[in-house]
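We have chain V; now place chain F onto it with these hints.
As they're listed, the protein sequences go chains V and F. Mapping to my numbering: the first sequence position 196 is 268, numbers consecutive. Mapping to my numbering: the second sequence position 159 is 231, numbers consecutive.
Honestly, the hints are just simulated from the structure, not real lab data. A portion of the hints provided could be inaccurate.
Claimed, not checked - One side only, chain F facing chain V, incomplete, derived with CB under 8 Å: (1) A85; (2) T88; (3) I115; (4) F124; (5) G142; (6) L153; (7) S196; (8) L268; (9) L371.
Unchecked claim - Have a look at the derived ranges for each label pair, beta carbon to beta carbon: (10) F187/F to D374/V: 43 to 53 Å; (11) R126/V to N334/F: 43 to 53 Å; (12) N176/V to D245/F: 55 to 65 Å.
The structure presented is a predicted model; accordingly, all values stated were derived computationally and were not measured. All C-beta atoms, glycine included, are put in the ideal place defined by N, C-alpha and C.
There are 2 protein chains.
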Amino acid sequence: MSFKLNILGCSSAIPTINRNPTAQLLNVNERFFLIDCGESTQIQLRKYQLNFQRINHIFISHLHGDHYFGLIGLINSMHLLGRKKELHIYAHEELEMIVNLQLNASNTELNYPLFFHPLSENESSVILEDDNIKVSNIILDHTIKCSGFLFEEKKSPRKIIASAIEKYNISHDKINSLKNGADWISDNGEVVANDLLTKANTSAYRYAYCSDTRFNEGIINKIKHVDLLYHETTFMHELIDRAEKTGHSTTLQAAEIAKKANVKKLVIGHFSQRYKNLNDLLVQTRKGFSNVILSCAGLVIDFQEI
Amino acid sequence: MSFKLNILGCSSAIPTINRNPTAQLLNVNERFFLIDCGESTQIQLRKYQLNFQRINHIFISHLHGDHYFGLIGLINSMHLLGRKKELHIYAHEELEMIVNLQLNASNTELNYPLFFHPLSENESSVILEDDNIKVSNIILDHTIKCSGFLFEEKKSPRKIIASAIEKYNISHDKINSLKNGADWISDNGEVVANDLLTKANTSAYRYAYCSDTRFNEGIINKIKHVDLLYHETTFMHELIDRAEKTGHSTTLQAAEIAKKANVKKLVIGHFSQRYKNLNDLLVQTRKGFSNVILSCAGLVIDFQEI
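Only chain V is shown next, with the shape it has when bound in the complex (with noise of 0.2 Å):
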């Protein structure tokens, strides 16, 4: 079982020598989901030894180029390399036509289905669910229109103990109600309480990413307690004017969103380029909220240990 989140690029805007644009993979139990694509996030994704052909569904937060410009790359890549599984992509409508356009002039007819799943532009709805994972974008305050994700695990049935099944030599077809929590009654009409027969799972996690953003009270309801709080902070606080008006947040204000939505831990990202030293911004961070760590290409963050 794991919960981890990859992170592939923290950079904004212009892609830079030492940093990528925005990208990160969130690995639930070995099922890839990838979040934002610009570009090079198919050579990031070699660098760091994660297997491309594994992702199923692409999140696309809106349509600056540093957040998917590496998107037709990445889709022609999977095609090259004989990909036949499904992909899905969820993003605003605009995509399809962009991706649609360039395989054409490349007459290109993918070996593999390609579906788009439109983001709507001001409703938050969940837009994935399946029995292990609920998704739902976050309808975000930007320059253009941009959505956040909130990937939310379920609850995992309840883990058997061995001994207990063997002691009270229960037949095998009582096992998923029990897991399902169900006490457990023998044919004597001893009760026996589910947990003497099963122990509770891992806990079922919740990532928020929320990226490209102005200061937005708005979002705190939908991200309350989350384990993680991905929040952009492509500005220092002495430029709160500057992320005003181009759409974004400075690290102070990610701080008031991570505390005021109580979340366990705050990872911040999307630097402007103008920041070479990005610990000045972790220490201005901070000042507002302590769990708070920098994104970088390469960092992992492992969920059981936030």
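Here is chain F on its own, set in the frame of chain V:
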């Protein structure tokens, strides 16, 4: 005065950690011409400290992603970094819509004028010409419409010999005619031959770029006697059938074109990612044409040294 080619990538199809897709920068007397622009080209330009704002003309051979997926990112970064100068793009017509759709999706109105010059699918002609250089397209034989490019420097005016000008006390208004080869006649009728007053400038160099293409003798006349031919060698000659099928060339085919066109030097590239040791490609090409080198990112070819 300079005529130099910077190789920025030499891989075909899929970017890998060690090999970037195709892009080259030609420096003709400090005017910069970008040829193809695979993903991450802007990072390669930064890596080799080549200021991309100095590029005013970009030539895209065809609309397979490994030749242009980096273009929109470069256009966008030029904008974000405050470019005001015109940018000219020479490419097949579909590219204009692909770029514009992406600019519209991000609500970007470029700070600088961007001009598209559509390439003909089947006719070779001069596509850019001024006092110093002439660029023509070369019709190649690939799986989609594809164009090579021939860069021809114009013969430079002759260089003035300062000491001779002083000796004969020649007035400044005569300088231009001397540069163009005229003799000088003094007030008392003395004729001084031009070669006492000026010396020949460096040669006018010619560079032919041919990627991607099947073996195609039709291009030989166009590229005859060039100083440098870049010809793709996606495959070793053992894969000649695959080359034919996928619209590419082998080592020995590139060598044959170089030999028949009687070029001075051949540089090979666009290597399939299956080849880890590129030296095998070099050795095999050399069997057909001796003056050949491998392209690789970071290589700079100075035409004065060919």
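Going down the list of hints, with the structure as the test:
no. : hint                         : in the structure
1   : A85                          : 6 Å, holds
2   : T88                          : 7 Å, holds
3   : I115                         : 6 Å, holds
4   : F124                         : 11 Å, violated
5   : G142                         : 7 Å, holds
6   : L153                         : 7 Å, holds
7   : S196                         : 21 Å, violated
8   : L268                         : 52 Å, violated
9   : L371                         : 19 Å, violated
10  : F187/F to D374/V: 43 to 53 Å : 51 Å, holds
11  : R126/V to N334/F: 43 to 53 Å : 51 Å, holds
12  : N176/V to D245/F: 55 to 65 Å : 59 Å, holds
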